[in-house]
Amino acid sequence: MGFQMLVPFGPWNWLFLLVALRCGGASSDLSESTNSSAQHELNVRFAAAGSEPAETVSVFALDYDYVQIPYEVTLWILLASLAKIGFHVYHPLPGLMPESCLLVLVGALVGAIIFGTDHKSPPVMDSSIYFLYLLPPIVLEGGYFMPTRPFFENIGSILWWAGLGALINAFGIGLSLYLICQIQAFGLSDVNLLQNLLFGSLISAVDPVAVLAVFEEARVNEQLYMMIFGEALLNDGISVVLYNILIAFTKMHKFEDIEPVDILAGCARFVIVGCGGVFFGVIFGFISAFITRFTQNISAIEPLIVFMFSYLSYLAAETLYLSGILAITACAVTMKKYVEENVSQTSYTTIKYFMKMLSSVSETLIFIFMGVSTIGKNHEWNWAFVCFTLAFCQIWRAISVFALFYISNQFRTFPFSIKDQCIIFYSGVRGAGSFSLAFLLPLSLFPRKKMFVTATLVVIYFTVFIQGITIGPLVRYLDVRKTNKKESINEELHTRLMDHLKAGIEDVCGQWSHYQVRDKFKKFDHKYLRKILIRENLPKSSIVSLYKKLEMKQAIEMAETGILSSTAFSIPHQAQRIQENKRLSPEDVESMRDILTHNMYQVRQRTLSYNKYNLKPQTSEKQAKEILIRRQNTFRESTRKGHSLPWGRTAGTKNIRYLSFPYSHPQPAGGDVRAAEFTDHDGSDAEVPSIMFNTHSPTGSLQEGRRTQEIIPMKSLHRGGKPPHLGYQRNRSQEEQLGRGRRAVLRPKPLFHAVDEEFESGEESEEEASAIGSRWSAEHRPGRDLHRSHSPLLQRK
Amino acid sequence: MGSRSSHAARIPDVDSIRRETGFSQASLLRLYHRFRALDWNEKGYLSRVDLQQIGALAVNPLGDRIIDSFFPDGSLHLDFPGFVRVLARFRPVDDEDNRNRDPKEPEPLNSRMNKLRFAFQLYDLDRDGKISRQEMLQVLRLMVGVQVTEEQLESIADRTVQEADEDGDGAVSFLEFAKSLEKMNIEQKMSIRILK
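Chains U and D, in that order, are what the protein sequence lines are. Note that full-length UniProt numbering numbers the first sequence so that position 415 is 415, with each residue one more than the last. Note that full-length UniProt numbering numbers the second sequence so that position 166 is 166, with each residue one more than the last.
Because the hints were derived from the structure by calculation, they are not lab data. Mixed in with the good hints, there may be bad ones.
To be verified - Output of the computed footprint for chain D on chain U, the stretches with three or more beta carbons under 8 Å from beta carbons of chain D: (1) 142–153; (2) 593–603.
Claimed, not checked - Rough simulated footprint, nothing fancy, chain U against chain D, three-plus residues with beta-carbon under 8 Å: (3) 11–20; (4) 30–40; (5) 61–74; (6) 150–158; (7) 182–190.
The beta carbon of each residue, even a glycine, is placed where N, CA and C say it ideally should be.
Generate coordinates for the entire structure from the input sequences, incorporating the hints supplied.
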């Protein structure tokens with residue numbers, strides 16, 4: 001099957017393989033490793049580097065040995081990337097199986113090649129390299145992309161489930177296997193309890209996030225998502241902690257006379273290691289957030305700071321034998337909120353992408369190693385051990401899921417249904433973590449290491465392939481969606497309307513839970529932390545600006561395709577086609593249905609969406625932008641009718657101009673000055689795309705009765721660093737920005753003339769231009785401050 | 001958590017609201033908190049502007065209409081009972097409720113018919129009790145991406161009205177609307193779990 005997938009790649013892939021083979025063949029002579037495999041005999045052509053002193057200057061020589069390690073590593077990574085490209089190009093695949101399947105297969109392929117050419121794979125993975133270089137990026141990525149609000153809302157359940165679940169699994173599997181080992185018939189009696197426990201701890205490290213992409217389309221509710229995510233996040237850390245503790249035990253006690261004191265010490269150590277790690281992480285997170293406060297002039301080092309501090313937290317924790325994984329996770333979580341607000345837009349993107357890239361590379365390498373190990377001679381197959389391992393993994397996971405959730409359901413407002421629990425149970429896919437830990441077992445303490453590795457590999461292959469491939473259909477089946485029935489156009493339209501309606505009302509209701517704690521934290525955060533950690537003169541919720549900027553280009557396109565023409569929105573349609581009872585053929589109806597299905601806007605995803613291997617696609621952004629452009633236009637339309645705008649023509653006057661409307665107008669619908677300001681009332685949900693409509697609500701500090709002028713909503717057209725005149729520089733003061741925006745008023749005008757021309761009349765086009773023109777990039781402040789900050793500006797007029 | 005009951009006392013007319021909407025005490029309290037949170041300058045009522053501050057509504061294609069539905073009859077201020085009344089429509093339907101109901105009392109706000117009526121209002125802007133072709137077209141326009149041409153939209157709107165219209169008046173009345181959706185599980189579609 002792997003070869004099938006490689007077919008679409010074309011010649012490049014084969015070229016690489018050929019090169020690898022050739023070099024593999026050549027290097028086996030040149031390598032100085034202690035491998036005693038058979039010598040190959042095609043060494044005649046290449047000058048042996050370094051073995052004899054050269055007598056003449058060689059014009060052409062080859063030194064493969066020098067570059068072997070990086071060369072092969074790069075080739076592997078490239079191979080995996082090509083495989084991923086093919087995986088995503090071939091459409092049905094990503095929905096069918098998790099991407100880790102693909103990586104495992106690529107690993108197996110590389111392993112087959114290396115085995116086939118009898119080539120000694122470079123010893124890239126050993127304990128220090130894994131723990132120092134390969135593991136941190138993976139954990140960092142998990143921690144950074146974790147949605148904080150749902151995480152903290154569910155933190156009780158997550159800690160309960162992840163912590164206790166890992167422990168129950170580890171000890172359960174370990175003990176059961178020990179009991180099996182006691183049975184003489186299986187020939188396993190030399191495996192003692194500690195070894196079994198250790199094996200249990202490493203095999204219980206699950207990687208459920210890998211399967212999230214598979215059932216993304218199914219409406220997995222947020223809570224379930226968070227549980228899976230949280231488990232993945234904490235699971236690695238807990239397994240490694242347990243692993244290290246048990247290794248320490250094994251080193252100390254070669255026999256099985258562990259005293260209760262030791263066990264207590266072990267437990268205490270577990271707690272200290274965990275909490276200490278988190279503590280370190282938080283400290284480093286704060287430090288790095290603080291430092292990014294001052295980097296506005298050298299934004300190029302911002303990603304560096306983020307990565308270095310996270311890594312430093314990991315290393316610092318590891319120095320003290322605390323859990324580096326938990327440290328780096330805590331660092332990422334703490335840092336994220338503040339750093340995102342401080343760094344520039346490009347740094348933010350860089351950080352995101354680079355993190356994904358690093359973790360992707362790490363994981364690829366680990367899987368390649370796994371593949372190399374699979375296809376090799378270092379296996380020890382023991383039927384009993386392997387089968388029972390597999391069985392116990394499933395059994396104990398089921399036990400832990402159902403037992404723990406039963407208990408935690410008693411305390412939750414929204415209990416998890418059995419369906420949810422089944423999904424959680426079934427998503428227990430093992431991944432790179434277990435393999436690494438097994439691979440790194442010290443041989444001296446574990447004479448039967450090969451057996452452990454074999455069993456681990458079997459479990460990984462089984463879970464990744466069988467569970468990974470079948471979980472999609474299972475979830476869809478459990479979701480019980482009526483897919484067979486063809487809905488009529490009516491139903492489709494109305495269903496979608498209701499979905500939107502429901503999503504809207506849900507947004508009005510906001511997020512509920514644990515008000516007090518969250519509010520207290522928010523207050524503390526606003527009062528102290530943000531003052532210290534966030535740059536000055538930044539608006540409070542400028543995180544909004546990091547997401548979903550309105551593309552000028554898209555607005556222009558929309559204008560040019562006539563969408564924004566006023567005729568599109570006028571209510572009395574000129575050509576009144578009243579009763580045209582056309583007989584529509586079934587094909588017409590079909591095509592209508594298709595049009596509807598494909599073109600209706602998607603309901604805003606309330607559930608989270610996380611893909612381990614990829615960053616979010618752009619479709620929802622595009623949709624959001626279209627909707628917003630439309631709204632802005634409708635708004636302009638509706639306010640344009642029947643309002644006299646006192647100052648239309650003068651764009652770029654001395655004063656800062658706000659397009660203003662007479663204060664009180666009677667129309668209820670659309671007549672109000674449209675002001676949608678993003679606040680973090682409902683918790684600054686990072687997934688929500690929002691454009692800031694800067695506003696000034698007149699009912700506050702300004703006197704009510706007076707006909708004051710309102711400040712028009714200034715929709716900030718932000719760009720990701722493209723045309724600087726509308727560029728969003730967040731590190732300026734409000735006033736400076738408005739001043740610059742004033743200068744910028746002139747620039748956007750011509751661009752929007754395209755829009756203007758489609759509007760009716762000439763005398764209002766100026767108005768429109770200035771209306772659009774006043775859409776400069778501005779910061780917004782939450783309403784309260786707005787009053788105070790805007791009134792001095794008003795007075796400037 | 002212990003101070004909850006004292007907060008409940010602060011909600012004006014708690015009991016009448018409870019009876020009318022059927023919300024539990026806890027839910028009402030949460031809604032009250034939410035109301036207060038939305039009303040950031042503590043006016044005691046909400047205006048459109050306050051609701052527009054909810055960022056997510058800005059990217060909802062029906063955002064404006066949803067906000068308008070909170071302000072029936074063109075009023076400008078939304079007080080807490082009004083707020084809750086609208087949200088009550090989205091309460092999950094409790095079968096127990098229906099069985100114990102006194103048939104002489106008005107239908108509970110979250111009955112199927114009332115949910116449908118609420119959805120109907122989103123279409124029927126001029127409140128004439130009928131969805132005309134124009135209104136259907138407008139809603140379609142809101143909900144569909146920009147790639148669809150005007151003619152396609154018009155024909156879809158035509159077809160939609162045609163399918164549902166039974167008495168041939170070129171518009172969809174509420175009963176026709178309800179009938180066209182009789183197979184759909186409205187109770188589930190228009191219920192929000194947390195609003196128990």
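Here is how each hint holds up against the structure:
1. 142–153: violated (count 0)
2. 593–603: Check passed, 5 qualifying residues.
3. 11–20: violated (count 0)
4. 30–40: holds (count 7)
5. 61–74: Contact hint for the stretch 61–74 of chain D vs chain U: holds, 9 residues under 8 Å.
6. 150–158: It holds, with 6 qualifying residues against the three required.
7. 182–190: holds (count 5)
Hints 1, 3 from the list above are not met by this structure, while the remaining hints are.
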